[in-house]
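Residue numbers (this note's numbering), protein chains in the order written: chain A, 1 to 263; chain B, 264 to 539; chain C, 540 to 878.
Take the hints with a grain of salt, since some may be wrong.
Quick list of simulated restraints, FRET-style, between CB atoms [claimed, not checked]: (1) 595(C) with 318(B): 32 to 42 angstroms; (2) 595(C) with 324(B): 52 to 62 angstroms; (3) 431(B) with 862(C): 47 to 57 angstroms.
What the simulated footprint calls covered on chain C by chain B, stretch by stretch (three residues with Cβ under 8 angstroms from a Cβ of chain B suffice, anywhere in the stretch; the number is not a length) [said to hold, decoys possible]: (4) 637-646; (5) 792-805.
To be clear, the hints were calculated from the coordinates, so they are not data collected in a lab.
Cβ coordinates follow ideal geometry from the N, Cα and C atoms, glycine included.
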Amino acid sequence: MATSEELLTARIVCRAVLPVIKVMLEDDPKTAAAFQDTVGKVQFVADDPAGRVGACLCFDKGAFTVLQEIIPDADVTFAFSSVPKMNAFFAGKPVVPALGPLMKGVFGNFGLVVNTVKLMLGLKLLMPTASPKDPVKARLKVKMTLYMISTALSQLNKAGDAEMNKWTAKQPDRIYQWSVDGTDIACYLRIKAGKTKAGRGVYTRRKPFIHMRFAGVEGAIPVLNNEVDSLQAMARGLVVSEGSPEYGAKVGDFMLRIAGLLT
Amino acid sequence: MPLSQQELGELKRLAAKIRRDIVDVTGWSGGAHVGGSLSMVDMLVLLYWKYLRVDPARPDWEDRDRFVLSKGHGGVGHAVVLANKGYFPMEDLKTFNETGSKLGMHLDGAKAQGVDASTGSMGHGLCQALGMALGARVLKKDTRVFCIIGDGESNEGSIWEAAMAAAHYKTPNLVAFLDRNHYMIDGYTEDVMSLEPLADKWRAFGWETRAVDGHDVAALAEAIEFAIAWDKGPVMLLCDTVKGKGVDFMEAKAAWHYGGLSAEMVAKAKQSIGEG
Amino acid sequence: MAGVESSTSWTVYDATKLSAREIYGVVLSDLGAARPDIVGLSADLAKSTQIGAFGERFPDRFFNFGIAEQNMFGAAAGLAKMGLTPFVSTFSAFASMRACEFLRTDVCYQNLNVKVIATHGGTSFGSAGTTHHAIEDLSIVRAFANLTVIVPADGFETAQAVKKCLDLAGPIYIRIGRGFEPTVYDREDETFQIGKAVEMRPGTDITIIACGPTVFHAVEASKVLAENDGLSVRVLNMHTIKPIDEEAVMRAVAETRRILTVEDHNVIGGLGTAVADVIAASGKGCAFTKVGIPDTFTPHGYPEDLMNLFGTDTDGIVAKVRELLGREFEEDEDWEDEV
Numbered sequence: 001m002a003t004s005e006e007l008l009t010a011r012i013v014c015r016a017v018l019p020v021i022k023v024m025l026e027d028d029p030k031t032a033a034a035f036q037d038t039v040g041k042v043q044f045v046a047d048d049p050a051g052r053v054g055a056c057l058c059f060d061k062g063a064f065t066v067l068q069e070i071i072p073d074a075d076v077t078f079a080f081s082s083v084p085k086m087n088a089f090f091a092g093k094p095v096v097p098a099l100g101p102l103m104k105g106v107f108g109n110f111g112l113v114v115n116t117v118k119l120m121l122g123l124k125l126l127m128p129t130a131s132p133k134d135p136v137k138a139r140l141k142v143k144m145t146l147y148m149i150s151t152a153l154s155q156l157n158k159a160g161d162a163e164m165n166k167w168t169a170k171q172p173d174r175i176y177q178w179s180v181d182g183t184d185i186a187c188y189l190r191i192k193a194g195k196t197k198a199g200r201g202v203y204t205r206r207k208p209f210i211h212m213r214f215a216g217v218e219g220a221i222p223v224l225n226n227e228v229d230s231l232q233a234m235a236r237g238l239v240v241s242e243g244s245p246e247y248g249a250k251v252g253d254f255m256l257r258i259a260g261l262l263t
Numbered sequence: 264m265p266l267s268q269q270e271l272g273e274l275k276r277l278a279a280k281i282r283r284d285i286v287d288v289t290g291w292s293g294g295a296h297v298g299g300s301l302s303m304v305d306m307l308v309l310l311y312w313k314y315l316r317v318d319p320a321r322p323d324w325e326d327r328d329r330f331v332l333s334k335g336h337g338g339v340g341h342a343v344v345l346a347n348k349g350y351f352p353m354e355d356l357k358t359f360n361e362t363g364s365k366l367g368m369h370l371d372g373a374k375a376q377g378v379d380a381s382t383g384s385m386g387h388g389l390c391q392a393l394g395m396a397l398g399a400r401v402l403k404k405d406t407r408v409f410c411i412i413g414d415g416e417s418n419e420g421s422i423w424e425a426a427m428a429a430a431h432y433k434t435p436n437l438v439a440f441l442d443r444n445h446y447m448i449d450g451y452t453e454d455v456m457s458l459e460p461l462a463d464k465w466r467a468f469g470w471e472t473r474a475v476d477g478h479d480v481a482a483l484a485e486a487i488e489f490a491i492a493w494d495k496g497p498v499m500l501l502c503d504t505v506k507g508k509g510v511d512f513m514e515a516k517a518a519w520h521y522g523g524l525s526a527e528m529v530a531k532a533k534q535s536i537g538e539g
Numbered sequence: 540m541a542g543v544e545s546s547t548s549w550t551v552y553d554a555t556k557l558s559a560r561e562i563y564g565v566v567l568s569d570l571g572a573a574r575p576d577i578v579g580l581s582a583d584l585a586k587s588t589q590i591g592a593f594g595e596r597f598p599d600r601f602f603n604f605g606i607a608e609q610n611m612f613g614a615a616a617g618l619a620k621m622g623l624t625p626f627v628s629t630f631s632a633f634a635s636m637r638a639c640e641f642l643r644t645d646v647c648y649q650n651l652n653v654k655v656i657a658t659h660g661g662t663s664f665g666s667a668g669t670t671h672h673a674i675e676d677l678s679i680v681r682a683f684a685n686l687t688v689i690v691p692a693d694g695f696e697t698a699q700a701v702k703k704c705l706d707l708a709g710p711i712y713i714r715i716g717r718g719f720e721p722t723v724y725d726r727e728d729e730t731f732q733i734g735k736a737v738e739m740r741p742g743t744d745i746t747i748i749a750c751g752p753t754v755f756h757a758v759e760a761s762k763v764l765a766e767n768d769g770l771s772v773r774v775l776n777m778h779t780i781k782p783i784d785e786e787a788v789m790r791a792v793a794e795t796r797r798i799l800t801v802e803d804h805n806v807i808g809g810l811g812t813a814v815a816d817v818i819a820a821s822g823k824g825c826a827f828t829k830v831g832i833p834d835t836f837t838p839h840g841y842p843e844d845l846m847n848l849f850g851t852d853t854d855g856i857v858a859k860v861r862e863l864l865g866r867e868f869e870e871d872e873d874w875e876d877e878v
């Protein structure tokens, strides 16, 4: 039976990682082209004695949504025999044939399968080992990672994580903003009295309580990959954190926690 | 350089005159800090008539030496000295303590000419004197700063803060006198709040410390000259004095820390002081 | 560049741009080059108060007095008497209380040209707790004759205050935070004038008069109230609380008829009281309320949280204004994560 930590990771995979596929579809011309006529549903599901866990990617000629449920009529299903195995797949761990996903309906949806695998490969941009030189991919990585992190933090809270709940419980209405200088990449996390919401772009209704600004895509990647610690990152001008240093540090800690869950 | 007999005689007579004037002011002002003023007259006389490079006609002369009376309640003594030196007319002394006058218990530098720091509350003057000494250093001037503190005043922590800092900054242009007259308002200092061993304390704080008879003008002169010449850091001249010195019925009595004098007592006091 | 608050692992500074807290240290250092009469004094807090930047550049004109604030202020008076211009820096709690008598009797009574940079005012030294919070300092120093009291809104305004206090002879007390407060301005406002309040936002329904870190929050509150409640909220940055800009206060009374003051300070004796004095003396009717520490000691906590606790932050000000104007409001209650 999956542990609570494993279930938490799975939740983050389904609700924070899978959704950033949207970024690839919207911002990467090749991916957009590959999916422009695609219609279909791809289910990811993991077996667990306490109940199956998974989400379904829905493609509709360029439009993309993630259904946080297990549907009976998916066109393609990637099935895992356990939650930790699904988590490992998304952590980029090598797939051993016996443990690999069972693909049903392969012959009828070969194109969809191939494209989905490409998306999975694309998700590898999120890994701390990925340092793409191609500017398009680098930008994708930063945007996907920040979007993923902001949602993951919110999901961490919504999942009832004790440490996160404790941290959000007493906070008044506050915005934690991320942005990348020289780009339009921005996202935020709103926290208020125990509630959280991840948002895209710059929050305009109030000034951010913490604003983490990366010095361009090139500055963001080493920080997001944890190649440098926070002190070094700031000393080298890769990122600036405006606002309370104590709360900024705490956000950083939670970001590391998310990274830890996903690798 | 030891004082000549003539100079010594003149200074002693001047000191006696200052003491008599202090008694007069105490009489007509209704009351003054007479005991603690009489005890420091000899130091003041030597400073103002021999060692301070000052000019009463130019009280704001930038390069003058500075004098800070940290035991500011000795204002009556300081005022008498300043008047005799010519900073303001002797007549002004008649207004001492009057509402609206330039002279009162604690001298106000904004009103009385020649007062480098307006003191009164204990423990402030030495800090300001230190600031002046450091200022002279910044301005690269050879200005000397002299400061008289009281023994009761030495209970104040800020005195020791200033002492510590002066030693730290090795201010050779700062010379302090401690008017060790042994009595404060509530009595003998060692009964109220013991200070001894006082010389040891100043030495421990890093000051070159000399004990000297505060009423032996010749010895005082020698001590001041030593202090001026000492260039390694601040100097403390621990002057053993008598509260109320010169007036037999006041000497060594806590009660005469502050008091009034009737015309009869003024006459007796002046007789006791003599001509010096 | 120095500026590390050693107790945290995150130092908020940008390699290419100075953080707000460092600005005044650099400004003072630059002024020191132009003005040989400036001397710097610290009580073992050179790094924390940023005056260390000056000290590093001009070691002969910088004096550390160790943890001895009384002597430091007395010595500042002595230095000023020699014609120098001392900048004395320590935490607000110690400047106003530990050295109180020396500030009052040596500096103010003798009307000397001493400039006090009192840092960590209000609850800004949050974690250090009650002993290091200065929630009475403005009340105390406001009562000293001859003293000008300035509470700049942010690092940029602090730089202006430091520059301009050289043009105003006499003792000046400049009270700032710990340096991590959000900035209200995005650069120095050269029109800054000691004694003249700045209208940050125009308005007609009510005026918020703020000083120091609460100016940012008042501005934000004004925006929220405009967008959500359709309210027109004037915001006055009353950086100089002594002498207070009476004319700006009276104009607010006449044109908005409601005044709310907000300060990171006790409600007794600070900005609120100063404004109340003006209104009461004028005899004009005006709804008036003070927001601040309600005559209680403040616990330890992160300063942003403490401001929230005492209602001196954006949320607190918004709530107070709504309460005063009897308004209902619609919260943004969509808590679904965006994709």
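Inset, instruction - Determine whether the Cβ-Cβ distance between residue 431(B) and residue 862(C) falls within the hinted range of 47 to 57 angstroms. - result: holds (55 angstroms)
Legend entry - Pairwise beta carbon distance, residue 595(C) to residue 324(B), judged against the given window 52 to 62 angstroms: violated (35 angstroms)
Legend entry - Assessment of proposed distance window 32 to 42 angstroms (beta carbons of residue 595(C), residue 318(B)): 40 angstroms Cβ-Cβ, so the 32 to 42 angstroms window holds.
Legend entry - Coverage assertion for the segment 792-805 of chain C with respect to chain B, Cβ distance below 8 angstroms, three residues required: With 0 residues close enough to chain B, the hint is violated.
Inset, instruction - Apply the coverage criterion to the segment 637-646 of chain C and chain B: a residue qualifies when its Cβ sits closer than 8 angstroms to a Cβ of the chain, and three qualifying residues are needed. - result: holds (count 4)
Of the hints listed earlier, those the structure fails to meet are numbers 2 and 5, in rising order.
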